[in-house]
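Participant: As they're listed, the protein sequences go chains A and B.
My numbering puts the first residue of the first sequence at 1, with every later residue one more than the last.
My numbering puts the first residue of the second sequence at 203, with every later residue one more than the last.
It is worth saying that the hints were derived from the structure and are not from the lab.
It is possible that part of the hints are untrue.
Capping the alpha-carbon separation at 25 Å, the derived lysine to any residue pairs in SDA-like fashion look like this [to be verified]:
(1) K110(A) <-> Q82(A)
(2) K360(B) <-> F51(A)
(3) K120(A) <-> K360(B)
(4) K110(A) <-> H366(B)
(5) K322(B) <-> P15(A)
(6) K322(B) <-> A11(A)
Chain residues, written in single-letter form:
There are 2 protein chains.
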Amino acid sequence: MRVVIVAAGPAEDIPSLQPFMEEKPVVIAVDGGVTVLAQQGLAFDLAIGDFDSLGYKPEGAIIHPAEKDETDLELALRYVSQHYEATEVLVFGATGGRLDMTLQNVYLLKQFPLVRLMTKREEIRFLQQGQYDIKADQYHYLSFIPLVPTRLTLQRVKYPLTQHDVPVGGSLTVSNEWTNQGPAKVTVHTGEVIALRSLSDH
Amino acid sequence: MRVVIVAAGPAEDIPSLQPFMEEKPVVIAVDGGVTVLAQQGLAFDLAIGDFDSLGYKPEGAIIHPAEKDETDLELALRYVSQHYEATEVLVFGATGGRLDMTLQNVYLLKQFPLVRLMTKREEIRFLQQGQYDIKADQYHYLSFIPLVPTRLTLQRVKYPLTQHDVPVGGSLTVSNEWTNQGPAKVTVHTGEVIALRSLSDH
């Protein structure tokens, strides 16, 4: 089951949501995400937030106080993990506003590794130890940002690595690309990384 | 001595640079940063990059090949640390484009803790163990994103903390605010955090 969560990030960073609605996902609006969905002519199954900036409380919404220790998105992700058997959670509108919120939301992936943050140009996910096949789909670049010192093997990419130690803060694993041999094969031997697929700059 | 580095991030994320030029800093253009400076009618002392997208090599530039293991910004920061006695390094144009590059550049701060990334709305710095006074200046929000499990004390802020353990991926330390008692007093007892000052949303 797919869950689509829409938060209140800037509209210019949010793609058309219609293609993600075809599998009839559960749709959750986080606070101002109600407006984002309305602008795209889409309905939500559930709304979560304090709705301070919205100016009204959507019918049936789960209301949280404005001053709290967790963000609305974090509350929404916790709700999803408690109430749904999700196999895929796509989050829109969680990037592109204040950079502290964007970073915060990227780190949230560590708590919820099923989740992918979606922008108009990128898909962002968290990889812990394990093996992964990552397809190119429409994307051009494949980047890995280690959160801790990490040992990586990258196969079927333009710049392969074998059991390579990648420090935090280096640039070696940014802007890799697929070959035409199919999905990239990624092994995180130790450590944890953020993996990003990005569209071409051109 | 202040060093100002200008990279090629989207123009809409780069503030007017003139106010930062008053102390006659060393000005370094990183690749397309040459264009950003030219658009603001400003000169550079040094240019570093591969200049592939610029279409010409600026006179006296330090040229690097396009395919390399380090980003142009990383090379520029290394050059600065080797050639200048900088007390302050401000980097513009390192955020707001591809999110993998933005994240990469935030992590670069770990290697170069003197550096601050500047956007039109934020200032981003890296704090390791130690005590810091952080002024409000024109900013409204003060956020801390732990990169590893961190113990923090925050004083003179709206939501103070005392020797508090802050996990990676939580939201507790996002969107704090100053009181009117002067600079926030921040103690990183153990761990490391990204500290961000942000303008108000309004």
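Participant: What hint numbers does the structure not satisfy?
Facilitator: 3
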